[in-house]
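Engineer: Residue numbers (our numbering), protein chains in the order written: chain B, 176 to 867; chain G, 227 to 509.
Do not rely on the hints blindly, as some may be mistaken.
Said to hold, decoys possible - The calculated lysine-lysine pairs, modelled on DSSO-like cross-linking and capped at a C-alpha distance of 27 Å, are:
no.	chain 1	residue 1	chain 2	residue 2
1	G	Lys-332	B	Lys-368
2	B	Lys-377	B	Lys-221
3	B	Lys-436	G	Lys-331
4	B	Lys-498	G	Lys-397
5	B	Lys-446	G	Lys-321
6	B	Lys-498	G	Lys-300
7	B	Lys-454	G	Lys-332
8	G	Lys-331	G	Lys-235
9	G	Lys-300	B	Lys-506
10	G	Lys-430	G	Lys-417
11	B	Lys-800	B	Lys-819
12	G	Lys-332	B	Lys-400
13	G	Lys-300	B	Lys-454
14	G	Lys-321	B	Lys-498
15	B	Lys-508	B	Lys-436
16	G	Lys-417	B	Lys-380
17	B	Lys-377	G	Lys-332
18	G	Lys-430	B	Lys-507
Unchecked claim - Computed list of chain B residues with no C-beta within reach of chain G, every gap over 12 Å:
no.	residue
19	Ile-240
20	Ala-246
21	Lys-404
22	Lys-498
23	Arg-555
24	Val-566
25	Gln-568
26	Ala-705
27	Lys-734
28	Glu-744
29	Ala-774
30	Leu-843
These aren't lab readings, by the way, just hints derived from the structure by calculation. Every residue, glycine too, gets a C-beta built ideally from N, C-alpha and C.
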Amino acid sequence: MKSADFLVELWVEDMPVAVQLEAEFKLKEAVENLFEREKISGKFKKAFSTPRRLAVLFENVSRDIEEQKTAIKGPPDKISFDSEGKPSKVLEGFLSKYSADCADIRVRETDKGNYVFLEKTVPPRSSEQVIRENIALALEGIKFSKTMRWGAHSFPRPVRNILVMFGKKALKLDCFGIPGSKTSRAFMGENIKIESPALYEKNLKSSRILADRKTRRDFFEEQLKDALKAPLYSNPSAELTEETAGICEYPRVLTGSFDEKFLELPHEFLKVTLEFHQKCFAVYDKKGMVNQFIFVVDGVSDNAREVRDNYERCVTARFEDTKFFWENDRKKKLVEYYDDLKHVNYMGKFSTLYEKAERIIRDSGELAKIYCPNETGEVRKTAKLLYCDIVTQTVGEFPGLHGMAGQYLLWGEAEDPVRAREESSSLRDAVTLEGLNNVSAVCGLAERLNTLKSFFFAGMIPSTSKDPYGLRRAADGAVRILAETEGVDFKLPEICALVFDDVPERIKEELYVFLKERFKLYLIKEGIPADVANMTETKFDIPKEARSLSRAISEARGKQEEAFSRIAEAAKRIRNILKQAEKLKIEPAAVNKELLAEAEEKKLFDIASSLRSEIESYMNEKKYKQALMSLVTVKEPLDLFFEKILVMDRDESLRDNRLGLLRDIDRLLSSFGRFDTLNALASDGGAERMLE
Amino acid sequence: MKTLQDIIKTLSDYWGDKGCVVAQPYDVEKGAGTFNPMTFLKLFDKGPWRTAYVEPARRPQDGRYGDNPFRLYKHLQFQVILKPAPADSRLLYLKSLSRIGIDVKKHDIRFLEDNWESPSLGAWGRGWEVRCDGLEITQFTYFQQAGGIELEDVPVELTYGLERIAMFLQKKKSVYDIDWSETVKYGTLRKEEERQFSVYYFEKASVEGLRKVCDFYLGELEMLLENKLPLPAYDCLLNFSHIFNVIDARGGIDHTTRADMIKQMRGYANRIALMYKEMREQS
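With the rest of the complex left out, here is chain B (with noise of 0.2 Å):
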């Protein structure tokens, strides 16, 4: 047989999904190397991670590796060899790069002229030979993102037995430390004989060992379906299903239920329990969360039912533990736990939560005069709430539920249920951005700007790697209210002077970039074209503005790409014109219409005049489609003006008036940002051409 398969796999002890990934990868990748630095043809079959262990199987690997011929081109000859013949330091330094001796070279012409060739035969080889040789240093050698140590060696996790098979034999070889074999092992290491690496998945399933990676996942889906049976749902994140199923060789799915007393407590309160700590699956049906939750298990079956008792015994503990923080919160209304905040230091021993959330109270106050009066009340009182639930015990247990609980809170103690409802949630809505009103905006907004204020001015900055204290999500936060809000048109500068008014000067200014840099990253996320926002970022300074007018122009220059690459064009030339001239100390002349000589900037006047007018109303009324389209018009004349005018004329008052010409189109383009940073087109040659 010329050919067979080569199979080879690692049992680890346990790794997490990622790593898995990671590793498979990796693996398959150094075998690779491996075959194609030694010139072992063969073909990739397939790769298998399980949490305990990583496999590759290659087919038709040939047993022979072919004589190889190699010829690496040296020095030229003339600088090869001294007066008398012998190796010059040239030709010395050439072989030792290759570590080769005199013997392995022979001069040949060239159409450069004679050189020194470096000649090598390997005879033929085999390649068990050669991968029982390699493959050791090539697994050993694989380098990962996060690996450990033990004994002499370092891997993901540690190794514990090593199977390489080419065709049904096992290579003789040591790898960390472990002697290959072509047995496999199971959970507690019992041995399982794989027959060929052709049969290895099929070895591995009958000790209840999937493999292969969707096979698995498939296999838990189907059983998924099968517990869930109309109306009963489930709606766990794709992280949650594939840490659960990723973490098992041979996923079971199966059904527990819990008392139904528990119910009584905030369901949301009772799902972050089950997935947290417990990785199990809440279940729904059309009235909301059913006593019954989904659990994964790692192959046993024929104890189920005892096993099913054990993960409801854990279930109940969580679930009562949080019931008892719970009932311990609720001894308190919300707002009494208001001076508990003294007793939380912030930002080391001088300062603490009480003192933040007192200026969170003012700044909302006065945020909330500006952009919505009739609410200050309502704002004050919000903010006030805001960080009660801090010191809540279930919030202690579970920092994500920071929001929510303070909402159950707030509802649970309220006499009148409609109003409570939608303060609650205005509460809740400040802390996590779920929905916006004013109250929730401008709560939300103080908070925000208060945690940024203080770590900016400890000097606390977050670098482009680091972020330890989430101050970017905390811009982030800041940005969506200032963009997202209805009816608020929030005023950044108004906002920067209100509440960074007892920082330094230096440090607000510092606020005020960071805040428009997170504000641009933002409109890039939203699909906004970066030399787009980059155009709008004269416009920043009020959010909301910004991001309309930013998606009307990447919405028409998406229809009109050629009219606004001329534009944007036009308008750098424009800004160079201007700028020359003002290095010469020349000034624009205010335009007059009597000094218009030539057509084409008549035409250009003409067309200004009649748009500054008409873009100023549509960009008051933010109707900056209707802006966009009106300014397009310019294009035609902007070109032939360009094409036919010189500005920079002999005769300075014809100069000048054109200067003032062209600084009246500046201004009008400017009402858009800066145009002349938006790109042109790349192909803009090629366009220009075929057009005209």
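Fit chain G to the supplied structure of chain B, relying on the hints for placement.
Structural biologist: The following block gives chain G in isolation, referenced to the frame of chain B:
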């Protein structure tokens, strides 16, 4: 049925047979068995080391007034250190479960990623929390670093949660129903203690006074390190760490302050470990 003391005896015998020094708890309050010098300091000695012991772990925040069937401010850990970790560490562990009566084949035994870290000891390791039918029963860790020092002989640390295991084996719904011995329940010995300490930790502890005690221990730590006395310095660090936990349970520490104080503790753990190691190497 195995009582709690049977379990302790069985584990002690099992690991004693594997060459462990069966040691005693270290009588200063601490949050985990790792803090016992038999683990934390002995790791810095040259050569192999194996030990096993029971350690009460005090975590004020976990107090539940004796009301919660599952959580305790003080629980018992059974701690094992094998240095260097043998290749069959995991199998030895699984067999110890069988020895105390957990049939590994009949239950859902899982190793979930949990890379243990003690920021205050400057220690971390790769490891798992071992769950048995959803119940966390053991922390299994290959130490990589302790006291800020990379460990040469990577040890394995096993920390069994004794109450959890007893509840599991005795099928109890409440920790207080565990049979400590044939005739005495866990609750008889521990329930009132849990209540009183919960009241103390959550309601009565004098935060300002305790802050002063913390400052006092910091002074002692400096003085002891200057005098090349790392062992008593280590006791001061343990005391400091426990009081820090008490203040924390009273809600007296926010996350930035916490980070600072932990950094401070880590600094001392590091200095103590280095001094201890250096003195051992010289002796």
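Engineer: Against the 27 Å threshold, does the CA-CA distance of B:Lys-800 and B:Lys-819 hold or violate the hint?
Structural biologist: violated, 31 Å
Engineer: Between the alpha carbons of B:Lys-498 and G:Lys-397, is the straight-line distance 27 Å or under?
Structural biologist: Satisfied, since the Cα-Cα distance of roughly 22 Å is no more than 27 Å.
Engineer: When you look at the beta carbon of B:Lys-498, is every beta carbon of chain G farther off than 12 Å?
Structural biologist: violated, 9 Å
Engineer: Find the nearest Cβ of chain G to the Cβ of B:Lys-404 and say whether that gap is larger than 12 Å.
Structural biologist: Label holds. Min Cβ-Cβ 24 Å, cutoff 12 Å.
Engineer: Is the claim that B:Leu-843 lies outside the interface with chain G correct, judged by CB distances over 12 Å?
Structural biologist: holds, 51 Å
Engineer: Take a quick look at whether B:Lys-446 and G:Lys-321 sit within 27 Å of each other, Cα to Cα.
Structural biologist: Measuring from Cα to Cα gives roughly 35 Å; hence the hint is violated.
Engineer: Hint check: B:Lys-377 vs B:Lys-221, CA-CA at most 27 Å. Holds or violated?
Structural biologist: holds, 14 Å
Engineer: Under the criterion that the straight-line Cα-Cα distance not exceed 27 Å, is the pair B:Lys-436, G:Lys-331 satisfied?
Structural biologist: violated, 34 Å
Engineer: Holds or violated: G:Lys-430 with B:Lys-507, Cα cutoff 27 Å?
Structural biologist: holds, 18 Å
Engineer: Given the hinted pair G:Lys-300 and B:Lys-454, is their alpha-carbon gap at most 27 Å?
Structural biologist: holds, 26 Å
Engineer: Between G:Lys-300 and B:Lys-506, is the straight-line Cα distance small enough, at 27 Å or below?
Structural biologist: holds, 26 Å
Engineer: For a C-alpha distance cap of 27 Å, please report whether B:Lys-508 and B:Lys-436 respect it.
Structural biologist: Holds, at roughly 23 Å.
Checked against the numbered hints given earlier, the structure breaks hints 3, 5, 11, 14, 16, 22, 24, 25 and satisfies all the rest.
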